[in-house]
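Student: Read top to bottom, the protein sequences are chains W and Z.
The first sequence begins at 1 in the working numbering and counts up one residue at a time.
The second sequence begins at 1001 in the working numbering and counts up one residue at a time.
These are calculated hints, taken from the structure and not from any lab test.
It is possible that part of the hints are untrue.
Here are some, though not all, of the chain W residues that point toward chain Z, as calculated from beta-carbon distances under 10 Å [what the hints assert, rightly or not]:
#1 Asp63
#2 Ser205
#3 Pro242
Here are the simulated lysine to aspartate or glutamate pairs, EDC-like style, with alpha carbons at most 20 Å apart [as the list claims (entries may be wrong)]:
#4 W:Lys68 <-> Z:Glu1165
#5 Z:Lys1093 <-> Z:Asp1199
#6 Z:Lys1137 <-> Z:Glu1165
#7 Z:Lys1254 <-> Z:Glu1214
#8 Z:Lys1220 <-> Z:Glu1165
#9 Z:Lys1155 <-> W:Asp63
Covered stretches of chain Z (in silico footprint by chain W; criterion: 3 or more residues with CB under 8 Å from a CB of chain W, positions within the stretch not fixed) [unchecked claim]:
#10 1043-1055
#11 1135-1148
#12 1162-1169
Because the structure is a prediction, the values reported are computed rather than measured.
We put the beta carbon where it would ideally sit given N, CA and C, even for glycine.
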Amino acid sequence: MLAARANKAHRDEGIALFFLKVASAVFVVTIALLLGYLAIQGTKLFTVDHKSVFEFLFSGSFDPANGKVGAAAFILGSLFVTAFAIVVGGPFGVAVGVFFAELAPKRVAAALKPAIEVLVGIPSVVYGWLGLTLLVPLIRNVTGSSGFGLLAGGIVLSLMILPTVVSLSEDALKVVPGALREGSFALGATRWETISKVLLPAAASGLAVAVILGIARAIGETLALQLVIGNAPIIPTSLLGPAAALTSEIVMDMGGATQGSLLQHALFSMAFLLLLIAMGLIVIIKFAIRRSS
Amino acid sequence: MSSAARFAALVLGAALFAPFAAFADTSISAAGSTALLPLVKAAAGAYQSTHPGISISVTGGGSGVGIAQVGAKAVDMGDSDIVSSNPELIDHKVAVIGFAVITNPSAGVTNLTKKQLQDVYTGKVTNWKDVGGKDSKIVVINRPSSSGTRAVFQKTIMGSLTLTETGGTQGETGTVVTAVRTTPGATTYAAFSGTRAKDGIVEVSIEGVAPTDENVQSGKYPIWSYEHIYTNGPASTEVSRFIAFIHSSSGMLKQLGYIPVGDMKVSENDR
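Bound conformation, chain Z alone (with noise of 0.2 Å):
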């Protein structure tokens, strides 16, 4: 063989081991939820820096993207703010979030009642200045069906009624809070973790009720539930600890806008 010929086939054949190195470290996975994602990763960069060995990669999608992707097995953990009913995958509760309403701050509102949230997210109000605001047109932004955080805003506050989809839709948590931002008199729901110390959007009160840890932990403050890490089956023993380390890291949880379990004053079966 020529000279070239052998550098090619070694660069080659390096080039080929190479992925095989990957294989060396335990790569676990989650994804879904928008909501839960800060805390995820702020908690693999802890984990991964004192467990050495371990490799895990998160991605959002929401939390229908978490629920699915865990039940095709295609990720080892499924993170949702909402409870799945799928039969074979089993829950750890890791936290609780709270979630707000959140506006642009051209519409000049601080607090509205449980009632004119429901005309504002229907469309039967169109502007802010008929819900004790300023003259600008209301633009609800919603996140896709499959979105754990639209469906906590659908139940607690919405019940029956249609949310509005005359303001279009933004996939993320991240994404939909800086459309809020940018986007005169729009308004949507988030949660805490992407909305806490954000400047440029106002969170709302509802009924008089700010959108805080010790509001939600008292049940006072309506729109929360509890962020689930959904395993298909058992979770191995690498994921198990992982997710026992997030239940445990309450100083984390706290400074990233989240609520120890043990914290909330209330529980529901259903959230």
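Pulled out of the complex, with its shape left as it was, chain W reads as follows (with noise of 0.2 Å):
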């Protein structure tokens, strides 16, 4: 009797954990093939179209119907509409977040929580639509531009990423323990000098995956940049001129490229950049939770 349960408990066992390798061995393999698969096409403007790194990166004139593939327009507008979001986005949604860990009333905080973490979940096409109707015409009026261009994106992400770093920062401020609270207060610390030299800095891990999250968010947005950017394959001069980055431009000329042009090749090379940056993102998050543990 007992071995007869013994052995269906085994053979469960046996099926379940069976059913636990198939997924993950599939779900394994699905992502080893994509990246695979992007690696290859990323690399064919070098291996078989024999274009240069060097011009791929840092030459600006993107004309691939002449055989030029400088993606250095869009390389310099995606860095630049992510730095401006981060520069603004950051410490504002930081500050936010502390606010709402450690000085709002506990009703207020437990009312706004929610609200914050439905902004995060508000689709991309939202943010690019108010900004094509509200922003670029506001920046227009005030600054007798076009309206598009690196301001007007590097605006709409920092709103995009904001609810997202306050609340990680919210949660990175909360798990710092009590104890550190409690002893700064009996030392005689203020609530400022308790929040800006005991717990930031004993959040800063937390915190940093907060902006670089943000930074993540920043870089891989597509739809909302490609609505106000402006879309101008040149080197930007200026926040109020028309300009493009890496994600507008690959949404913008994917659907006319044909298989095996340079264009297509080029534009895969893109994908694949962002893929770097992206893995090297996660990579950054990776050491920053480490060094906190």
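Starting from the two chains in their separate frames, assemble the complex, guided by the hints.
Tutor: Below is the structure:
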């Protein structure tokens, strides 16, 4: 009797473990195939078309119909709007996170937390549409330029990453042990001294994760950016003229790129570059997390 | 099974079968030129109402997208303003369309010579007052490199000159016309089907020739092309019937801003 039950339990475990292993294998193989495909396609520009990596990364002349595949304009555009979003949205988001975690009355914080989390889920096309219909005309009226460009893109991205940075910063501060707070107050520190000298350093890696995830979202943002950046494949010289980014360029030209054409290979290389940047950010996050523990 | 489980199974089963209902219709698809889009969409609407059992899906994306997708057999009909060099594709010319140069009213021009147009679009001239207009900075808005409209403009007006990219790019006929309507000093090139009877924009005459259907038919107005519907190999029965329907609907064609192929007094092989 006992033996029969034990056999059944062993068999059930075997089946369950088998399915878990199969699921994991399918997942790993799919991801590996995806990365491999992107790596192969992304390097065809250099292996098949014999374009130089130097030209791709540093030339601002993009005209695949005439053999020019310099993606510097897009790389600079992406880096610029991302940097703008981080410099503006990062500190602002952390500040709001600090407010909600440490200074707001408990009821206010409890009521607003779900609201912020809902904001994280707003689809990017909504941000892009609002940017196109509200922000671009506003910039146009204030500055007299066409309204499209890095400034519009940067502002839209800052708004998009704010909920993420706020939410994660608040979480990072909440997990700092209460003992640290109480110890600090017991020593006579003011609230600001506690926050700036004790809590923020203690939560530093969590805050770094918040900011880096904000960067990752900003650099991968496609549709919202494409609606407001103006899509001009030239190296940006000011905040106010139309510009372009890696993501917006891919979505702009991918539909019309015929199989095997130079344009298609260039777009794949841009996509591969985006993947490498995103993977680099993930590696940095892992180091930041490891540092905290 | 509990009643809840049975109910769930019923709903799931019904949901699984629902998509099969769509297969009861024959469905054909078209994609590509946004200059041809208004005609194909209107024709699809009219055709479906008289032919129940056929469902037609129509999207834009630009001529390049149309040619790429029909070449990859992702759609049945690839709409294009330009001739494709893909030998597998079969061309069906369904209409002729003129393309207008439009400006925002703040530019203050109603007529430009070809040389002036070239200077504006290469970026050599940067203010409308230098070509007889008001004091307003020129903003040239382009279509993407895969656009048929852009290719037609490049071929008929620019020749070997390079279009300036400083004003940015918008993806489709509709978005580029809206951009010109809302941006002071803006100008672009767009099909008559997207510019005709639209307020807030000015259609510019070229060398004194107004952008009208009559001037296109006589060949006096330079910017025009055939509207091609490409099929990968010979068209299927349903697709040929639909294409023939478009070709013969001259009333609808003219009302939307196109010209029946038969009304042209000039013809060209590479448009």
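Student: Which earlier hints turn out false for this structure, listed by number in ascending order?
Tutor: Failing hints, ascending: 2, 5, 8, 10.
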